[in-house]
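Please model the complete structure; the sequences and the hints are all you need to start from.
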Amino acid sequence: MTLSKSLISLLLGAGILHASSLAVYQDKTFYTYKAQQNFIGFAQNLQVKCKGNALPVGEMSLCPSEERLCKLLTKVEHLEAKEASVQANIKVLEQLISLPQPNTFDAAAWINAAKLTAEEEARLATLALKLKKEINIEQNNFRKQAPRRVALQTLKACQSEVEVTIPYGIHFSTFYEANIKEDNEIEVTQYISILNRSGIDIQADDANFYYRSSNPYVNPIHFNPWIVSKYVSKPKRMYKKSMLKNARADMAMVAEESMMLDGAAATPSALIASYEDAREYKIQNLTLPSSGEPL
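Per my numbering, the sequence shown starts with residue 1, numbered consecutively.
FYI, nobody ran anything at the bench for these hints, they're computed from the structure.
Glycine included, every Cβ here is placed at the ideal spot set by N, Cα and C.
Heads up, a few of these hints could be off.
Quick list of simulated restraints, FRET-style, between CB atoms [as the list claims (entries may be wrong)]: (1) 279 / 179: 17 to 25 Å; (2) 234 / 66: 29 to 37 Å; (3) 277 / 87: 55 to 63 Å; (4) 287 / 97: 41 to 49 Å; (5) 121 / 177: 57 to 65 Å; (6) 143 / 81: 47 to 55 Å; (7) 64 / 137: 22 to 30 Å.
Dropping the structure here:
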């Protein structure tokens, strides 16, 4: 029995040790996780640390095929290679057409060859146009999700958690929705919207979002004279259905510091964010792909 308890404690301790975390501030993001491979993602200007020490980062010549963004990039590169092959065939065909004609030739054979050449030229032109459109769509789709096309990797292995500092690409915002009820009540729901286009797919056990800078130091503003006045609380305002427009205008003031973030409670599978402190929110078990689409 004692052995079983020790084993459970060991497993729980290992799980806590390797838990991944995400901290999103207004100026940068910190992502800490246990790396299973050297691949990081397609981010720019990031910093990587292992146990507080900087890890060297370099470009990857071969992107891991199982990674989601690598699959998207492979699709783009495949289309680009196919389009380049079609353009090469068009040039070869143009060179064949420009060759000098013999003095004597079979008219029927020449007409048939000209017909086949024209058909092939039209087919290649149509295919090239189609491929260009597909490439444009896929390139825009990838650019929306990642700022660069070359994957990054750590050049040294890290046996502990890797801390990645992402300077930009991950943002969040909040908004409110008011529901006028009976008995002069207003139900205000606060929602949080998260956008990731950093080039790194994120899986975090604990994700925290802060409406402030990551720098804990604040430079005081010096001015003169100091004016101190007694705080007088405002009386609570009562709303009715006929005051819907005014209620919506004031709902942020009513709910900003007191409401829980249950933005998607209507759907059981949706994530729920908790209100931790002043303009501080938390989500557990967050899957945040770098899709460029708000979550």
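*Is 57 to 65 Å right for how far apart the beta carbons of residue 121 and residue 177 are?*
58 Å, holds
_Please check whether residue 234 and residue 66 have a Cβ separation lying inside 29 to 37 Å._
57 Å, violated
*Look at the Cβ atoms of residue 279 and residue 179 and judge whether their distance stays inside 17 to 25 Å.*
Hint holds: Cβ distance 23 Å, inside 17 to 25 Å.
_A range of 47 to 55 Å was offered for this pair. Does it hold for the Cβ distance of residue 143 and residue 81?_
Given range 47 to 55 Å: violated, Cβ gap about 19 Å.
*asked:* Is 55 to 63 Å respected by the C-beta to C-beta distance linking residue 277 and residue 87?
replied: 58 Å, holds
*Is 22 to 30 Å right for how far apart the beta carbons of residue 64 and residue 137 are?*
Cβ of residue 64 to Cβ of residue 137: about 24 Å, so the range 22 to 30 Å holds.
_Range hint 41 to 49 Å (beta carbons of residue 287 and residue 97) holds or violated_ = 55 Å, violated
Checked against the numbered hints listed earlier, the structure breaks hints 2, 4, 6; every other hint is satisfied.
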